[in-house]
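If you're matching them up, the sequences are chains A and B in order. Once you know that position 79 of the first sequence is 79 in our numbering, the rest is easy, because the numbers rise by one and skip nothing. Once you know that position 87 of the second sequence is 200 in our numbering, the rest is easy, because the numbers rise by one and skip nothing.
Keep in mind that the hints were calculated from the coordinates and are not lab data. Errors might be hidden in some of the hints.
[To be verified] Computed cross-link-like contacts, BS3-like style, restricted to lysine-lysine with a CA-CA straight-line distance of at most 30 Å:
1. LYS55/A with LYS105/A
2. LYS127/B with LYS105/A
3. LYS70/A with LYS55/A
4. LYS105/A with LYS78/A
5. LYS55/A with LYS78/A
6. LYS55/A with LYS108/A
7. LYS73/A with LYS122/B
8. LYS108/A with LYS73/A
9. LYS122/B with LYS100/A
10. LYS105/A with LYS73/A
11. LYS105/A with LYS122/B
12. LYS100/A with LYS73/A
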Amino acid sequence: AQTVTQSQPEMSVQEAETVTLSCTYDTSESDYYLFWYKQPPSRQMILVIRQEAYKQQNATENRFSVNFQKAAKSFSLKISDSQLGDAAMYFCACKGGSEKLVFGKGTKLTVNP
Amino acid sequence: NAGVTQTPKFQVLKTGQSMTLQCAQDMNHEYMSWYRQDPGMGLRLIHYSVGAGITDQGEVPNGYNVSRSTTEDFPLRLLSAAPSQTSVYFCASRQGAAIWQYFGPGTRLTVT
Numbered sequence: 001a002q003t004v005t006q007s008q009p010e011m012s013v014q015e016a017e018t019v020t021l022s023c024t025y026d027t028s029e030s031d032y033y034l035f036w037y038k039q040p041p042s043r044q045m046i047l048v049i050r051q052e053a054y055k056q057q058n059a060t061e062n063r064f065s066v067n068f069q070k071a072a073k074s075f076s077l078k079i080s081d082s083q084l085g086d087a088a089m090y091f092c093a094c095k096g097g098s099e100k101l102v103f104g105k106g107t108k109l110t111v112n113p
Numbered sequence: 114n115a116g117v118t119q120t121p122k123f124q125v126l127k128t129g130q131s132m133t134l135q136c137a138q139d140m141n142h143e144y145m146s147w148y149r150q151d152p153g154m155g156l157r158l159i160h161y162s163v164g165a166g167i168t169d170q171g172e173v174p175n176g177y178n179v180s181r182s183t184t185e186d187f188p189l190r191l192l193s194a195a196p197s198q199t200s201v202y203f204c205a206s207r208q209g210a211a212i213w214q215y216f217g218p219g220t221r222l223t224v225t
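Sequences are here, hints too, so could you generate the full structure?
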């Protein structure tokens, strides 16, 4: 079974600055995957970035990157050069061998102009 | 491709009524899932399917039924709606070889 914890209910950042969203997880599985999903006010769930646990290299997608610390079971998301369109709820999620994708409770990100 | 589509977008039910939330995908994905999102709780898995004719329970299956007669469709049935089922429902799908899921736009359900 997996659990995912996002300890920051809300975060804010100035436009063009960098922000880091925290996520810790727990799983008994040796093979698992980690994700960050973005949910704007439209409610659509959009995949931001993914990380395979067996890969040591941190995933990067344009302005989005992760800091994956496997021993500490930590999976933080860094957003560089924040834009107004980045404002949304961000969910961290973990998937093991089963089909179950376990989500954290989310972090609401506000981007200030 | 239309991706993952869900109907209706909004629905209001009275306690005890039944209804079906529709989900369809045109990407020939093997895996499909239903989640519910409650305020402050993230998404939780209700039921999932690994292919036509095969379904299984997720984390919160009580009060819901599913079936998968075709690859494209995965309807979610509420047998006797209760106020505790007021939520936003998301359908998702993925290819067998991929690990990430595509989500539909969601259905906001209110049970009074």
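(message) Just to be careful, I want the Cα atoms of LYS108/A and LYS73/A compared with a cutoff of 30 Å; is the pair within it?
(response) holds (22 Å)
(message) Hinted pair, alpha-carbon criterion (30 Å max): LYS122/B, LYS100/A. Please report holds or violated.
(response) Holds, because 24 Å separates the two Cα atoms, which is no more than 30 Å.
(message) Run the distance test for LYS105/A versus LYS78/A: straight-line Cα separation, threshold 30 Å.
(response) Distance of about 18 Å is within 30 Å: holds.
(request) Verify the proposed pairing of LYS127/B with LYS105/A, using a straight-line Cα cut of 30 Å. (result) Answer holds: LYS127/B to LYS105/A is near 28 Å, not above 30 Å.
(request) Given the hint that LYS55/A pairs with LYS78/A, test it: the Cα-Cα distance must not exceed 30 Å. (result) OK: LYS55/A and LYS78/A at ~18 Å, within 30 Å.
(message) Just to be careful, I want the Cα atoms of LYS105/A and LYS122/B compared with a cutoff of 30 Å; is the pair within it?
(response) holds (23 Å)
(message) Does LYS73/A sit within 30 Å of LYS105/A, going by the straight-line distance between their CA atoms?
(response) OK: LYS105/A and LYS73/A at ~17 Å, within 30 Å.
(request) Verify the proposed pairing of LYS73/A with LYS122/B, using a straight-line Cα cut of 30 Å. (result) violated (37 Å)
(message) Would the hint linking LYS55/A and LYS105/A be met if the CA-CA limit is 30 Å?
(response) holds (25 Å)
(request) Decide if the proposed pair is consistent with the structure: LYS70/A and LYS55/A, CA atoms, cutoff 30 Å inclusive. (result) This hinted pair holds, its Cα atoms lying about 10 Å apart.
(message) With the threshold set at 30 Å, check whether the alpha-carbon distance from LYS55/A to LYS108/A stays at or below it.
(response) holds (28 Å)
(request) Would you mind confirming whether the straight-line C-alpha gap from LYS100/A to LYS73/A stays at or under 30 Å? (result) holds (19 Å)
Consistency note: the structure conflicts with earlier hint 7 alone.
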